[in-house]
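4 protein chains.
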Amino acid sequence: MPSDLYAVADFCLIPIGTGESSVAEYIAECQRVLEKSGLTFKMHGYGTNIEGPWSEVSQAIHDCHAAVHAKGAPRVATDIRIGTRVDRDTPVGDGNDHKVKRVEEILARDRAAAS
Amino acid sequence: MPSDLYAVADFCLIPIGTGESSVAEYIAECQRVLEKSGLTFKMHGYGTNIEGPWSEVSQAIHDCHAAVHAKGAPRVATDIRIGTRVDRDTPVGDGNDHKVKRVEEILARDRAAAS
Amino acid sequence: MPSDLYAVADFCLIPIGTGESSVAEYIAECQRVLEKSGLTFKMHGYGTNIEGPWSEVSQAIHDCHAAVHAKGAPRVATDIRIGTRVDRDTPVGDGNDHKVKRVEEILARDRAAAS
Amino acid sequence: MPSDLYAVADFCLIPIGTGESSVAEYIAECQRVLEKSGLTFKMHGYGTNIEGPWSEVSQAIHDCHAAVHAKGAPRVATDIRIGTRVDRDTPVGDGNDHKVKRVEEILARDRAAAS
Numbered sequence: 001m002p003s004d005l006y007a008v009a010d011f012c013l014i015p016i017g018t019g020e021s022s023v024a025e026y027i028a029e030c031q032r033v034l035e036k037s038g039l040t041f042k043m044h045g046y047g048t049n050i051e052g053p054w055s056e057v058s059q060a061i062h063d064c065h066a067a068v069h070a071k072g073a074p075r076v077a078t079d080i081r082i083g084t085r086v087d088r089d090t091p092v093g094d095g096n097d098h099k100v101k102r103v104e105e106i107l108a109r110d111r112a113a114a115s
Numbered sequence: 001m002p003s004d005l006y007a008v009a010d011f012c013l014i015p016i017g018t019g020e021s022s023v024a025e026y027i028a029e030c031q032r033v034l035e036k037s038g039l040t041f042k043m044h045g046y047g048t049n050i051e052g053p054w055s056e057v058s059q060a061i062h063d064c065h066a067a068v069h070a071k072g073a074p075r076v077a078t079d080i081r082i083g084t085r086v087d088r089d090t091p092v093g094d095g096n097d098h099k100v101k102r103v104e105e106i107l108a109r110d111r112a113a114a115s
Numbered sequence: 001m002p003s004d005l006y007a008v009a010d011f012c013l014i015p016i017g018t019g020e021s022s023v024a025e026y027i028a029e030c031q032r033v034l035e036k037s038g039l040t041f042k043m044h045g046y047g048t049n050i051e052g053p054w055s056e057v058s059q060a061i062h063d064c065h066a067a068v069h070a071k072g073a074p075r076v077a078t079d080i081r082i083g084t085r086v087d088r089d090t091p092v093g094d095g096n097d098h099k100v101k102r103v104e105e106i107l108a109r110d111r112a113a114a115s
Numbered sequence: 001m002p003s004d005l006y007a008v009a010d011f012c013l014i015p016i017g018t019g020e021s022s023v024a025e026y027i028a029e030c031q032r033v034l035e036k037s038g039l040t041f042k043m044h045g046y047g048t049n050i051e052g053p054w055s056e057v058s059q060a061i062h063d064c065h066a067a068v069h070a071k072g073a074p075r076v077a078t079d080i081r082i083g084t085r086v087d088r089d090t091p092v093g094d095g096n097d098h099k100v101k102r103v104e105e106i107l108a109r110d111r112a113a114a115s
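Taken in order, these protein sequences are the chains called A, B, C and D.
Position one of the first sequence corresponds to residue 1 (the UniProt record's numbering), numbered consecutively onward.
Position one of the second sequence corresponds to residue 1 (the UniProt record's numbering), numbered consecutively onward.
Position one of the third sequence corresponds to residue 1 (the UniProt record's numbering), numbered consecutively onward.
Position one of the fourth sequence corresponds to residue 1 (the UniProt record's numbering), numbered consecutively onward.
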């Protein structure tokens with residue numbers, strides 16, 4: 001068992017107690033932190049895909065919390081989905097994209113069969 | 001207060017007890033269910049963005065569970081992130097994309113300022 | 001397949017844009033809503049266990065959002081974990097407790113074996 | 001900003017690809033791992049409350065994944081809720097319980113006012 005499992009993850013961070021209903025400035029701050037982390041990440045409508053060694057993914061999300069606190073949020077809550085597997089190697093940086101591709105291939109077969 | 005709040009959501013469904021580590025066939029089945037729901041949705045690496053009236057979003061995810069059970073999974077667990085707001089109207093079908101655009105605009109200003 | 005699967009769930013609701021870092025008053029408001037729902041629920045340190053027919057669990061959480069908006073939160077975000085199973089019946093109102101008991105029985109065997 | 005924020009968290013781990021719908025043996029294995037971590041934790045019906053320095057909470061959940069893989073699960077997916085705050089100190093080991101107490105005090109006032 002590797003001592004630092006490769007993690008394919010996704011997280012959604014919410015600043016609490018800011019007095020403003022917009023969270024975009026805080027999420028932008030997270031994106032800047034992730035840019036510096038060197039990890040593969042990609043924002044979507046309700047969170048951000050991220051992957052890498054577990055400890056680095058965890059550290060990157062921790063640093064997002066620290067940056068959002070520094071920007072004025074007294075409290076921050078995050079939901080993280082994180083997965084690991086030992087049945088096969090995950091191509092580094094391609095774990096999340098690979099999952100999407102697999103599903104799209106199956107759906108493409110549907111369309112091919114229907115046409 | 002509307003009796004059926006507009007919900008901007010994201011969910012990640014996991015089949016349990018299938019005896020196979022791949023979940024792609026089950027996720028593809030969900031995508032077929034969502035296609036029929038008529039709601040706006042978009043798959044990403046660790047879940048699927050979806051939005052619409054709360055009751056319809058909930059029903060669509062319920063129907064994904066039913067379809068994944070019908071496909072053989074004895075047990076299904078899903079993580080749902082769901083948000084509502086009453087400070088302004090969410091353009092129907094554009095709630096998740098709008099959030100991404102707002103963050104990207106802020107990051108684009110960073111790049112403009114840096115150049 | 002039942003048209004309304006029995007759901008064993010847990011949710012954590014977060015008010016956004018309130019200007020106060022404490023969320024206790026909003027969570028208390030949710031507990032009042034759940035009390036009226038007639039469903040089995042139990043608060044813990046980072047959310048609330050709840051179970052019942054899927055549509056009723058969903059409606060109860062929707063009504064928590066509506067109540068928290070009415071109390072002044074412009075935006076509300078919730079993380080829901082929800083599970084269904086078709087391999088056996090879940091005793092109504094005992095789904096979450098049953099899972100805890102099963103794990104505790106296993107751990108009790110550890111202690112019996114060690115003593 | 002502390003370099004290792006104090007984290008109040010909750011997680012729900014799911015083994016994938018095990019061929020059995022019961023997850024109790026895997027969750028029991030996690031509880032054994034957490035026992036060794038020295039952190040404050042408490043299982044409930046849909047997850048486990050846990051708290052401590054962010055890096056230690058993250059490591060404990062990582063080690064649960066490793067243990068569940070070692071027990072035979074080819075793939076493991078976890079949902080983590082994690083919160084930090086900088087407006088006041090969290091009493092070590094009392095973050096989750098403190099939140100419950102605050103809500104229960106408010107609800108007790110309801111009952112006192114009603115009687």
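These are calculated hints, taken from the structure and not from any lab test.
Don't take every hint at face value.
Heads up, the list lumps identical chains together, so a pair's fine if it works in one copy or across two of them.
Heads up, simulated SDA-like pairs for lysine to any residue below, C-alpha to C-alpha not over 25 Å straight-line [as the list claims (entries may be wrong)]: (1) Lys36 / Ala66; (2) Lys42 / Pro91; (3) Lys101 / Met1; (4) Lys42 / Gly19; (5) Lys36 / Arg88; (6) Lys101 / Ser3.
Hint-by-hint comparison with the structure:
no., hint, verdict
1, Lys36 / Ala66, "within (14 Å within a copy, 28 Å between copies)"
2, Lys42 / Pro91, "both (16 Å within a copy, 24 Å between copies)"
3, Lys101 / Met1, "neither (27 Å within a copy, 30 Å between copies)"
4, Lys42 / Gly19, "neither (27 Å within a copy, 29 Å between copies)"
5, Lys36 / Arg88, "neither (29 Å within a copy, 29 Å between copies)"
6, Lys101 / Ser3, "neither (29 Å within a copy, 31 Å between copies)"
Consistency note: the structure conflicts with the earlier hints numbered 3, 4, 5, 6.
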